[in-house]
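Enquirer: In the order they appear, the protein sequences are chains E and U. Mapping of the first sequence onto my numbering: position 233 corresponds to residue 233, and the numbering continues sequentially without gaps. Mapping of the second sequence onto my numbering: position 54 corresponds to residue 54, and the numbering continues sequentially without gaps.
One thing to keep in mind: the hints can contain errors.
It does not matter which identical chain is used: a pair holds within one copy or between any two.
As the list claims (entries may be wrong) - Pairs of lysine-lysine, DSS-like flavour, derived with a Cα cap of 25 angstroms: (1) K157 with K116; (2) K157 with K144; (3) K222 with K116; (4) K144 with K211; (5) K211 with K116; (6) K144 with K116; (7) K144 with K360; (8) K211 with K360; (9) K116 with K360; (10) K144 with K222; (11) K222 with K360; (12) K222 with K157.
It should be emphasised that the hints constitute simulated quantities derived from the structure, not laboratory data.
Protein chains: 2
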Amino acid sequence: MRAEILSIGTELLLGQITVTNASYLAQQLTTLGIDLYFVSQVGDNLERLSETLRRARDRSDIVIMTGGLGPTEDDLSREAIAAVLEETPTVDRAYEQTLRAFFASRGVEMPEHNIKQAWVLPSVTPLANPFGTAPGWWAERDGKVIVAMPGVPHEMKRMWEEEVVPRLRSRTGAVLFTRILRVAGLGESSVEERIDTLIHATNPTVATYAKRDAVDVRISAKAPTEAEAQALVAATEQQARAILGAHIFGVDADTPQSVALQLLIERHLTLATMESCSGGLLASTLTDVPGSSAAFLGGLVSYATDLKVQWGVPREIVETHGVISVETARAMAQAVRERLGADLGIGITGVAGPTLQENKPAGTVHIAVASAGRISDTSQRFRGAREEIKWRAAITAINLLRLHLLREG
Amino acid sequence: MRAEILSIGTELLLGQITVTNASYLAQQLTTLGIDLYFVSQVGDNLERLSETLRRARDRSDIVIMTGGLGPTEDDLSREAIAAVLEETPTVDRAYEQTLRAFFASRGVEMPEHNIKQAWVLPSVTPLANPFGTAPGWWAERDGKVIVAMPGVPHEMKRMWEEEVVPRLRSRTGAVLFTRILRVAGLGESSVEERIDTLIHATNPTVATYAKRDAVDVRISAKAPTEAEAQALVAATEQQARAILGAHIFGVDADTPQSVALQLLIERHLTLATMESCSGGLLASTLTDVPGSSAAFLGGLVSYATDLKVQWGVPREIVETHGVISVETARAMAQAVRERLGADLGIGITGVAGPTLQENKPAGTVHIAVASAGRISDTSQRFRGAREEIKWRAAITAINLLRLHLLREG
């Protein structure tokens, strides 16, 4: 089965947005065992969009569109699909009522041009979008499918996972089973070198991907049944685990923060944080996890040095070793643990950049995790811009927390 | 003049690489006033690549290719250009010697398949690549141009700037000038409705884009000189400002946080935050701005209710109105302001979800900004997943801070 991706929007052609939806969908299609031959971006122009869509539908079995489903005149995906299929839109009265109710609940009248979000065509099944007002379209005719989804990434991803993937699975014959092993504390090329022998196999295929929060090892097997595909994957997973050990922190949708919080919650432990250079990003990343309040009590963002002392870091440590020192990080972890009455404390101090601090270069970061009677720490030099350094600091702290907990057994 | 971008490489279709070259080139073309109508990614397959290139050359004046210039059998850009132009490659003997010398200098013999990096066609002018072994191609015939550049970003950018841009400039007459007005506190369709009359103009063109942190109004004008293009944009900007007023918080690369911090720094004011449902994201967003330490003292993430009281929120307010209340948000803003000795304090309390809290639904958020003797507040109901609610809370707080400061004059 051949697929093709069209990303819609003039902003893509102005380079104001990087085409991350297309990358996400490309990876997803690989996982589903669907071949992707073409990816295009096209602007908000009905003629060019229709031309591109018509050619895509001629040469591919599935055309996946993102964007162009908003309510404005620039949003032309529905119009283009109607033109290519030569079908006439009608208004779905039930969805029109839903739309009007949505606007009424916000105390405003629905602008009349929003009505086109309630359009359907004879070949179209609408796809639910609980995160926005634009439903997607599954347009199927003559054995070919056009899928239209919103361009807003979180709306698109939810629709893809819940609405599109199940429909696609029922069209592909072989079953593909994929497991992702999530790896912390090693770079992608280092992971690749260690599992080199696995990477050259064909079923399962094994590939590495550098993600923002970890390196993924994706193991995918195709087989006539799910059980057979799973068995193939399980054997390779065992080999990978023997090589990568505790660097593997989780699987599939696990994140460093979800795994660390899970460990805390299982052990009935509580956590508090004191951060300076990461500026609250550690606390924010931890609280991205639903249910994090069961373990995370709170955090201090001690941007001004005086606040660190006010919050319990001994002044002589700061004066002797400097604010940017592993000693200060350790004192921060201990101080916040005691101050907030938590079982564990994390301290982060460093230079987010772009300028030097205490003559230490941007990217210098010290991190400590303290529990009763024990402290783990790490000192790093991260590369990149300010936001990247903050992010590396937060994610490294979360990994240090996990390793600290594992060592306590 | 119409341009089209082709990014070559199967890895692009596997989603392993985000197409950053295309975004960069799209921005560059905008600046040069060259219209970009299509962007595509195509795999390392001669038939599909030639088909795509032929169609691109038919409908556009300039086709810009990146990738496919390496020495391996998978690198097929030269072969595709030769096929489309129906010209036969010959080896440029001088460049062949350069290549052989390059390998000799590294103590290895040149692999014979590398010879194709010395190919030329009758219509081709090679483009120098000091950062790699693959020269680019400028293939010009019948008034149409194909530019082929390496896919490695730093090789491509150097070749683009030094070799391609000067050649393109000599072909274009007009200059394009663009200004982006950044808008807070209004949705995209509401912005579009208000500036409806401007959107239907043709020079300048005006378009709206929903970004994660704001709505952008992009005004672009073409003229024979930069000064004339700027004057056209300035007239439209004035009209847009008359309509959108204080909703416009900045221009071009401004962010809500950079603008709010700039206001604080200009007025020599300091800021502290106390957040619960946003979990540190407000502090983190503020500290993304380089130099934020000049105004931002620090923040408290009071995830546990007890911490709010410990940090100065009167217990009777929490007990009377609930943790999720505008009264608690106001008390948080005042308490953190006093506790950290800052000129201004921000308080955020709400339900990040997915579960109810105090019987209030996910997305309920109360925000307050306090300065000496004055408090501003807002109560909102945000939609979306947990991370989206946290983000809307943080960005709404930053906008409330800006409006609070503007009202103080």
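Enquirer: All hints are to be evaluated individually against the structure, with a verdict given for each.
Expert: Now the hints, each set against the structure:
1. K157 with K116: within (22 angstroms within a copy, 42 angstroms between copies)
2. K157 with K144: within (22 angstroms within a copy, 40 angstroms between copies)
3. K222 with K116: neither (41 angstroms within a copy, 33 angstroms between copies)
4. K144 with K211: neither (33 angstroms within a copy, 33 angstroms between copies)
5. K211 with K116: between (37 angstroms within a copy, 22 angstroms between copies)
6. K144 with K116: The answer is within: 24 angstroms in one copy meets 25 angstroms, while 40 angstroms across copies does not.
7. K144 with K360: neither (60 angstroms within a copy, 45 angstroms between copies)
8. K211 with K360: neither (28 angstroms within a copy, 35 angstroms between copies)
9. K116 with K360: neither (57 angstroms within a copy, 33 angstroms between copies)
10. K144 with K222: The answer is within: 23 angstroms in one copy meets 25 angstroms, while 42 angstroms across copies does not.
11. K222 with K360: The answer is neither: 52 angstroms in one copy and 46 angstroms across copies each exceed 25 angstroms.
12. K222 with K157: within (24 angstroms within a copy, 37 angstroms between copies)
Figure legend: structure checked against the earlier numbered hints; hints not met, in rising order: 3, 4, 7, 8, 9 and 11.
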